[in-house]
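Engineer: For reference, the chains in residue letters:
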Amino acid sequence: MRVTEQMIFNNGVAQAQQSMQNLSQAQNQLSSGYRVVQPGDDPAASAQAIEDNVAEAQYTAIGNGAQQAADELSVAGSALQSVSTAASQALQLATQYSNSTYTASERSAAASQVTQIMQQVVDLMNTTYDGRYVFGGFKDSSPPFAADGSYSGDDNIREVEIAPGLYQAASVDANVIVKGSNGGVDLMTTLANLATALSSNDVTGISNAIGSLNTCVQQIATGTAQVGVDQDGFQSAVTASQAATENETEQIGNLMDADVMTASSQVSAAQYALDATLTATAQTLNMTMSLTNQL
Amino acid sequence: MDLNAIMQNAATSMNVYRAQIATASNNIANADTPGYAREEAVATEAEPVSEAGSNSYIGSGVTLQAVIEERDPNVEAQLPTAFSNSSSSSAESNALSDVTALDPQATGGVANALGSFYAALTNLSQNPGDSELRQAAVDSAQSLATAFNTTANSISSAQSGIDQNVTSLVSQVNGLVSDVANLNGGIALAVNSGRTPNDLIDQRQNDLDQLAQMIGAQPVTSDHGTVNVVLPNGTCLVSGTVASQLTAQADPANGGHVDVVFQSPDGSTPAALDQSDVGGQIGGLLSARDNGLGTALSSLNNLALNLTSVINQQSEQGYALDGTTGHNLFAALTSSTNAAANMAVDSSVSADPSLLAAAGSVSLSSTGVATVASGDATNLQAMIATQNTTLPASNLDATQTFANLTSAFGLAASTASDNATFDQNILTSLTNARASTSGVSTDDEQVNIMQAENAYDALTKVITTSQTMLQDLMDIISPAAG
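Chains R and S, in that order, are what the protein sequence lines are. For the first sequence, the numbering used here begins at 1 and goes up steadily by one. For the second sequence, the numbering used here begins at 1001 and goes up steadily by one.
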């Protein structure tokens, strides 16, 4: 092939351009830290990274929600435990004062103790977490229990996501556990009746309360156990979401991040190629100039 | 052959070498001129004359046959297509890589906003009565709408940039087309009077190369040295000395983007050219605008339309904190036209986040007033589930639809970029082949000059020798003169 100076020069320019492009690409990767900046750099990885990005946000949100639910259940659980303690105290009083040795005035004094216990139970059942009444079902904006022990919450159990599309109970139905709506015994009424029986010195009434309070303590224990199980469920959901989030982050890194070693060696290779091209072009053009000097 | 004839022949032959040196000098001077093809002064033997009294013939030196241009027809036939393809794919590749709105890692991009939006709904579902969380959910819905808006706008503005580019290229093409028609006229005139107008041919070649690069026009050789110029679909831009004109006109059917319209010189109705009818830079730009960018934008519009409609359908069934129902989360979009650019949060929800329809049921109070339990997130949970709802048009969920749109755009960009490299390689090898035949090598030319100079020197010696021989004869005839 016949070679002209213009060809040598044009080839030199084209090859230098190519080296500059490689150099700039490698430098971009190094400075941005990304291997894939535009979708065109790797269409499949870009699509995958988008799904991973959205999934990462989803798992983070699920993890946060599950953590909140676990904390809330822990508050609800300790409230129920205190209620259970209070019910046991009432049971103790009922057992004690059902004994015929006590006088009317002693029973009357015990009645005010039971009234206090009831007040304590009402306060405990109006426990809030993050500004919400945890035992009100969906009606979480106002106290579900009135001083007289009546329930104004609903029977709904709130659910929180533990995995994409999968929900778990994040509350218990106080209407069942405390008010015994589902064929159980109403702790509030039992306590109120006990207080009345004590103040009116009604020994039969006091004895009747013993059986009811026993059932109540069992009811509450069932509820507390359920809360514990749910709380564990949310704790594992938190761990699982964290693992899933980390997995997605790692996946995105694998897909999109630049490999520093590769990019650095690309920079060196491109620099070397550029030097070589420029030197070769200059040398060749020098050779043709020498013929001109002969003339 | 007598001595005078020898001197005469030598003098005539010297003209040939002068012409060769002149040609070499012209070649060197034009070494870098675009369109210039190396010229060669072709020498040929002069007519021999018969020696008196014998049957032998003696050559009478050298004469100049012609000054010809060196062009390889095989390479020249392949170059217009190579010019067209290379300009087309590199224009398309550059236009697509200029768009950064679909970068997968971009903060504020649709992918990030989509993830944040559903995450905010999930956060709210844990405590739907919380006013701060409601505000955060509405804000993230606003960010999602904004992400769609800015992505759509940046694709649209890339398309408008291409429109301006095409418009300016079309006017350059018109200038070149008139140039070629005029040069055709000059060349035909010269050819008809028996000359070879190398300079005009070089200029025209440069115009033809540019036309191939800009619009993919192909030269077709015609009579009297003229060249017709036709587009890939056969539309004739130059016929002999008659030039047609192109205009860039906005096409309402294509969102007001410009069409290249062909105006025939015979006055017939102007015809819009399809994107596939043109090549070169204009073809590549139109392809980037209507294929890569156009498809991405229409997919984005469909996604905006279908996503808002799926979320709204669920939102309408729920209840706001005040017990009212039928609230949209996003302002309803009626058609996919400009849907992504028009996407917005419903104005009443945006003004009052308590209207976000999180609750799934309502209870009537004794006085008949609808009330909503603040902890009711059942409708919100159903709205979160729309994350996995299969959308019409794409048959994928929203995230997958956007991922698909991105990879389709990425594929268009990387294909264009691969094509650009491939086409550039073909063009480089062809332009090297052209330069190999038609390019000027100063080495060659300097050797040519040396050869011609040597021959010229030798011929002067022939003249002095003949002169001496003649003088010798003179001395014999008239010794007295000595």
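The hints are simulated quantities; they were obtained by calculation from the structure and are not laboratory data. All values reported here derive from a predicted model rather than from experimental measurement. The beta-carbon is built from N, C-alpha and C at its ideal position, and this holds for glycine as well. Mixed in with the good hints there might be a few duds.
Stated by the list, open to error - The following label-pair restraints were derived from C-beta to C-beta distances:
1) R/D202 to S/T1325: 48 to 54 Å
2) R/Q242 to S/T1146: 28 to 34 Å
3) S/A1022 to R/A282: 46 to 52 Å
4) S/R1071 to R/Q21: 41 to 47 Å
5) R/S31 to S/V1447: 47 to 53 Å
6) S/S1160 to R/A240: 45 to 51 Å
7) R/G165 to S/N1338: 31 to 37 Å
8) S/E1316 to R/Q242: 34 to 40 Å
9) S/T1421 to R/A240: 34 to 40 Å
10) S/S1160 to R/S31: 51 to 57 Å
11) S/G1326 to R/S142: 39 to 45 Å
To be verified - To spell it out: a stretch of chain R is covered by chain S in this simulated footprint if at least three of its residues, at any positions, have a beta carbon under 8 Å from a beta carbon of chain S; those stretches are:
12) 33-44
13) 48-56
14) 62-70
15) 128-140
16) 239-247
What the hints assert, rightly or not - Selected chain S positions facing chain R (in silico; Cβ < 10 Å):
17) G1053
18) N1074
19) Q1078
20) P1104
21) G1109
22) Y1118
23) S1125
24) S1394
25) A1398
26) T1406
27) A1416
Engineer: Evaluate each hint against the coordinates.
Structural biologist: Each hint tested on the structure:
{"no.": "1", "hint": "R/D202 to S/T1325: 48 to 54 Å", "verdict": "holds, 52 Å"}
{"no.": "2", "hint": "R/Q242 to S/T1146: 28 to 34 Å", "verdict": "holds, 30 Å"}
{"no.": "3", "hint": "S/A1022 to R/A282: 46 to 52 Å", "verdict": "violated, 31 Å"}
{"no.": "4", "hint": "S/R1071 to R/Q21: 41 to 47 Å", "verdict": "violated, 32 Å"}
{"no.": "5", "hint": "R/S31 to S/V1447: 47 to 53 Å", "verdict": "holds, 51 Å"}
{"no.": "6", "hint": "S/S1160 to R/A240: 45 to 51 Å", "verdict": "holds, 48 Å"}
{"no.": "7", "hint": "R/G165 to S/N1338: 31 to 37 Å", "verdict": "holds, 33 Å"}
{"no.": "8", "hint": "S/E1316 to R/Q242: 34 to 40 Å", "verdict": "holds, 36 Å"}
{"no.": "9", "hint": "S/T1421 to R/A240: 34 to 40 Å", "verdict": "violated, 46 Å"}
{"no.": "10", "hint": "S/S1160 to R/S31: 51 to 57 Å", "verdict": "violated, 31 Å"}
{"no.": "11", "hint": "S/G1326 to R/S142: 39 to 45 Å", "verdict": "violated, 26 Å"}
{"no.": "12", "hint": "33-44", "verdict": "holds (count 10)"}
{"no.": "13", "hint": "48-56", "verdict": "holds (count 8)"}
{"no.": "14", "hint": "62-70", "verdict": "holds (count 5)"}
{"no.": "15", "hint": "128-140", "verdict": "holds (count 8)"}
{"no.": "16", "hint": "239-247", "verdict": "violated (count 0)"}
{"no.": "17", "hint": "G1053", "verdict": "violated, 47 Å"}
{"no.": "18", "hint": "N1074", "verdict": "violated, 14 Å"}
{"no.": "19", "hint": "Q1078", "verdict": "violated, 16 Å"}
{"no.": "20", "hint": "P1104", "verdict": "holds, 4 Å"}
{"no.": "21", "hint": "G1109", "verdict": "holds, 9 Å"}
{"no.": "22", "hint": "Y1118", "verdict": "holds, 6 Å"}
{"no.": "23", "hint": "S1125", "verdict": "holds, 7 Å"}
{"no.": "24", "hint": "S1394", "verdict": "violated, 13 Å"}
{"no.": "25", "hint": "A1398", "verdict": "holds, 9 Å"}
{"no.": "26", "hint": "T1406", "verdict": "holds, 5 Å"}
{"no.": "27", "hint": "A1416", "verdict": "holds, 8 Å"}
Checked against the numbered hints above, the structure violates hints 3, 4, 9, 10, 11, 16, 17, 18, 19, 24; every other hint is satisfied.
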